[in-house]
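Colleague: Each chain, letter by letter, is given below.
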Amino acid sequence: MKILVCISHVPDTTSKINFTDDNTKFDTNGVQYVINPNDEFGLTRAMWFKEKQGAEVTVVNVGGAETEPTLRKALAIGADAAIRVNVAAADGFSVAKQLAKVVKDGGYDLIIAGRESIDYNGGMVPGMIAGLTNSNFVSNCIGLEVDGNSAKVVREIDGGKETVNTSLPLIIGGQKGLVEESDLRIPNMRGIMMARQKPLTVLEPIDIAPETASVKFEKPAPKGAVKLVSPDNLDELISLLHNEAKVI
Amino acid sequence: MSVLVYTESDQGRFKKTAFEVASYAKSVADQLGTTVTAITINAADTSELETYGVSKVLKVTNASLESFNAKIYASIIQQAVEKESAKVVVVSSSVNSKYLAPLLSINLNAGYATNVLETPSNTAPFIVKRTAFTNKAYEMFQINTDVKLLGISKNSFGLKENKTTASSEDFSPSIPESGIHVESVDKASNKVTIADAEIVVSAGRGLKGPENWGMIEELADVLGAATACSKPVSDLGWRPHGEHVGQTGKPVASNLYIAIGISGAIQHLAGINASKVKVVINTDAEAPFFKAADYGVVGDAFVVVPELIKKLKAFKAQQ
Ligand SMILES: Cc1cc2nc3c(=O)[nH]c(=O)nc-3n(C[C@H](O)[C@H](O)[C@H](O)COP(=O)(O)OP(=O)(O)OC[C@H]3O[C@@H](n4cnc5c(N)ncnc54)[C@H](O)[C@@H]3O)c2cc1C
Ligand SMILES: Nc1ncnc2c1ncn2[C@@H]1O[C@H](COP(=O)(O)O)[C@@H](O)[C@H]1O
Numbered sequence: 001m002k003i004l005v006c007i008s009h010v011p012d013t014t015s016k017i018n019f020t021d022d023n024t025k026f027d028t029n030g031v032q033y034v035i036n037p038n039d040e041f042g043l044t045r046a047m048w049f050k051e052k053q054g055a056e057v058t059v060v061n062v063g064g065a066e067t068e069p070t071l072r073k074a075l076a077i078g079a080d081a082a083i084r085v086n087v088a089a090a091d092g093f094s095v096a097k098q099l100a101k102v103v104k105d106g107g108y109d110l111i112i113a114g115r116e117s118i119d120y121n122g123g124m125v126p127g128m129i130a131g132l133t134n135s136n137f138v139s140n141c142i143g144l145e146v147d148g149n150s151a152k153v154v155r156e157i158d159g160g161k162e163t164v165n166t167s168l169p170l171i172i173g174g175q176k177g178l179v180e181e182s183d184l185r186i187p188n189m190r191g192i193m194m195a196r197q198k199p200l201t202v203l204e205p206i207d208i209a210p211e212t213a214s215v216k217f218e219k220p221a222p223k224g225a226v227k228l229v230s231p232d233n234l235d236e237l238i239s240l241l242h243n244e245a246k247v248i
Numbered sequence: 001m002s003v004l005v006y007t008e009s010d011q012g013r014f015k016k017t018a019f020e021v022a023s024y025a026k027s028v029a030d031q032l033g034t035t036v037t038a039i040t041i042n043a044a045d046t047s048e049l050e051t052y053g054v055s056k057v058l059k060v061t062n063a064s065l066e067s068f069n070a071k072i073y074a075s076i077i078q079q080a081v082e083k084e085s086a087k088v089v090v091v092s093s094s095v096n097s098k099y100l101a102p103l104l105s106i107n108l109n110a111g112y113a114t115n116v117l118e119t120p121s122n123t124a125p126f127i128v129k130r131t132a133f134t135n136k137a138y139e140m141f142q143i144n145t146d147v148k149l150l151g152i153s154k155n156s157f158g159l160k161e162n163k164t165t166a167s168s169e170d171f172s173p174s175i176p177e178s179g180i181h182v183e184s185v186d187k188a189s190n191k192v193t194i195a196d197a198e199i200v201v202s203a204g205r206g207l208k209g210p211e212n213w214g215m216i217e218e219l220a221d222v223l224g225a226a227t228a229c230s231k232p233v234s235d236l237g238w239r240p241h242g243e244h245v246g247q248t249g250k251p252v253a254s255n256l257y258i259a260i261g262i263s264g265a266i267q268h269l270a271g272i273n274a275s276k277v278k279v280v281i282n283t284d285a286e287a288p289f290f291k292a293a294d295y296g297v298v299g300d301a302f303v304v305v306p307e308l309i310k311k312l313k314a315f316k317a318q319q
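Listed in order, the protein sequences are those of chains V and L. Following this note's numbering, the numbering of the first sequence begins with 1 at its first residue and continues without gaps. Following this note's numbering, the numbering of the second sequence begins with 1 at its first residue and continues without gaps.
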């Protein structure tokens, strides 16, 4: 089985979010980048397929050279090869178009992406790849097993879960639950050394006109101070929630 | 040229989000000088949509569509959009709508904006405000395609009544091969879900162990709320994964969010900040949650929560 794991390169979850150039660009100053958490769950599940079912795992990112340390980290965790499509990610649609080409050219059986990237929270790339390649697609995936050409996928739904049967080629939008938090791997020294020898192929992009554009950013207005209520006076809390906030 | 809205239903009944997206669509239609057409799939009584400004209903009724299928539903909505020559298509942010929308976007060559908060600030060029960076910023987002697809953030626009009379038309779209077959659905039918809840009661590691969740469930019960938890609580197996909220868990956009024994780490706050009113109960007055909350009680959950339940019961009895 050939697996492609789509890796979004995102600011670490603790990053301060600021903008430059008259609030039109994300300020990368001092920001640490990581593998998008949803993709890390997917990559870890791919490692399980590699070890238990002999899958071959390639990771891919659409982005500039600055994303290569993130791809190297995925190689250090155990992916066999990496691809970088050499173009800044303009919008979800153009990223999906680039990835759909990688998917078609590479003949992958299983494409693992994340439910959403934690930066722009687009939540659209995996579904768009599926639409563009006409592959089966399951989003909010919290369980995945593959047997030959068939797959059993568990999807989170509002208030529960749903188990579906489908077949390869398959694209999933993964999230926590696909593996447990405790299954996540920190690259060790040997992994990091080996990652240096593994192929990282840089592909030139195809020409695509984005459908959407970011015009400007704004930060939420600072919040007023908290109103403290004494634990001995919870009637006041109830009264505030009822009369002032009008939520109960 | 109308605005088309997909109004979701569950077992024949509209979800509340259906009325919210219809309200939103009506407002956009007014801006564009047009009307709203709704597409419904197996909704029993569509007259309720008239309260929220819908002028025409395309009614799909088909027993084979009982269980949701993203590809099939996306194809049905696409056919409705094409039939109506709609230029703006509106869907909700439910798990199912977020699943089908990227497929629909490709089918329609429609630029897609997710997590939309407001009606367009401008219609030519078409610009909407959305959240980005998990509620840490807003983005003004321009869509350049002829057809535009908007996914509306839950609880951002609210319900706006706008009485209309709607014509209703049975619609029989062609149904594509899906490739995906539902084997089983596992869903607690008697519980309020985090997605639908107006109030969410959430607890963290401060509760010490799973055996102490009785009072959390009771508090939720009194308030008609859904229960949720912080990430370590689900990682430790104290609560099911489906309850984990935050940046890497479920997003929460309820009217009221009550956080008990949760410190307020940035990753937690990011996922719940879209909630309108936040209450924190924590022994540590320095816990970061107090900076994000509207109301706070510095106190021991094991004392405060049972007391709050008692007082709420008395309050509810009076109402
Ligand atoms: C990549 C990444 C992603 C993450 N994503 C998420 C996410 O999506 N959601 C999430 O929640 N976390 C997430 N986290 C974890 C986050 O950083 C925090 O570790 C977590 O939110 C802390 O959970 P907690 O508040 O329950 O526990 P703690 O931080 O241990 O806080 C417990 C709190 O309980 C209080 N307390 C103790 N006893 C009592 C008592 N008797 N009564 C009242 N209060 C009491 C304490 O004062 C303390 O403030 C993520 C972390 C990383 C690295
Ligand atoms: N630039 C990118 N390169 C590779 N994969 C990406 C990129 N952007 C998004 N993805 C994948 O698509 C998923 C959803 O991203 P998004 O639609 O941006 O929220 C991510 O979790 C990744 O798996």
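Any given hint could turn out to be false.
Here are the simulated lysine to aspartate or glutamate pairs, EDC-like style, with alpha carbons at most 20 Å apart [said to hold, decoys possible]:
#	chain 1	residue 1	chain 2	residue 2
1	V	227	L	300
2	L	313	V	218
3	L	313	V	236
4	L	208	L	183
5	L	313	V	232
6	L	313	L	218
7	V	161	L	82
8	L	191	V	244
9	V	246	L	286
10	V	161	L	218
11	V	161	L	169
12	L	311	V	236
13	V	152	L	235
14	L	187	V	158
15	V	227	L	161
16	L	154	V	158
17	L	311	V	158
18	L	311	V	56
19	L	310	V	147
20	V	161	L	286
21	L	276	V	218
22	V	216	L	118
23	V	52	V	80
24	V	152	L	118
25	V	246	L	284
26	V	101	V	56
27	V	227	L	183
28	L	310	V	218
29	L	316	V	181
30	L	310	V	236
Think of the hints as simulated: they come from the structure by calculation, not from any bench.
Colleague: Evaluate each hint against the coordinates.
Modeller: Hint-by-hint comparison with the structure:
no.: 1; hint: V:227 with L:300; result: holds, 17 Å
no.: 2; hint: L:313 with V:218; result: violated, 42 Å
no.: 3; hint: L:313 with V:236; result: holds, 15 Å
no.: 4; hint: L:208 with L:183; result: violated, 37 Å
no.: 5; hint: L:313 with V:232; result: holds, 17 Å
no.: 6; hint: L:313 with L:218; result: holds, 10 Å
no.: 7; hint: V:161 with L:82; result: violated, 33 Å
no.: 8; hint: L:191 with V:244; result: violated, 28 Å
no.: 9; hint: V:246 with L:286; result: violated, 27 Å
no.: 10; hint: V:161 with L:218; result: violated, 24 Å
no.: 11; hint: V:161 with L:169; result: violated, 33 Å
no.: 12; hint: L:311 with V:236; result: holds, 10 Å
no.: 13; hint: V:152 with L:235; result: violated, 24 Å
no.: 14; hint: L:187 with V:158; result: holds, 8 Å
no.: 15; hint: V:227 with L:161; result: violated, 33 Å
no.: 16; hint: L:154 with V:158; result: holds, 13 Å
no.: 17; hint: L:311 with V:158; result: violated, 31 Å
no.: 18; hint: L:311 with V:56; result: violated, 60 Å
no.: 19; hint: L:310 with V:147; result: violated, 54 Å
no.: 20; hint: V:161 with L:286; result: violated, 38 Å
no.: 21; hint: L:276 with V:218; result: holds, 19 Å
no.: 22; hint: V:216 with L:118; result: holds, 15 Å
no.: 23; hint: V:52 with V:80; result: holds, 15 Å
no.: 24; hint: V:152 with L:118; result: violated, 39 Å
no.: 25; hint: V:246 with L:284; result: violated, 27 Å
no.: 26; hint: V:101 with V:56; result: holds, 19 Å
no.: 27; hint: V:227 with L:183; result: violated, 49 Å
no.: 28; hint: L:310 with V:218; result: violated, 43 Å
no.: 29; hint: L:316 with V:181; result: violated, 40 Å
no.: 30; hint: L:310 with V:236; result: holds, 14 Å
Violated hints for the displayed structure, listed by number in ascending order: 2, 4, 7, 8, 9, 10, 11, 13, 15, 17, 18, 19, 20, 24, 25, 27, 28 and 29.
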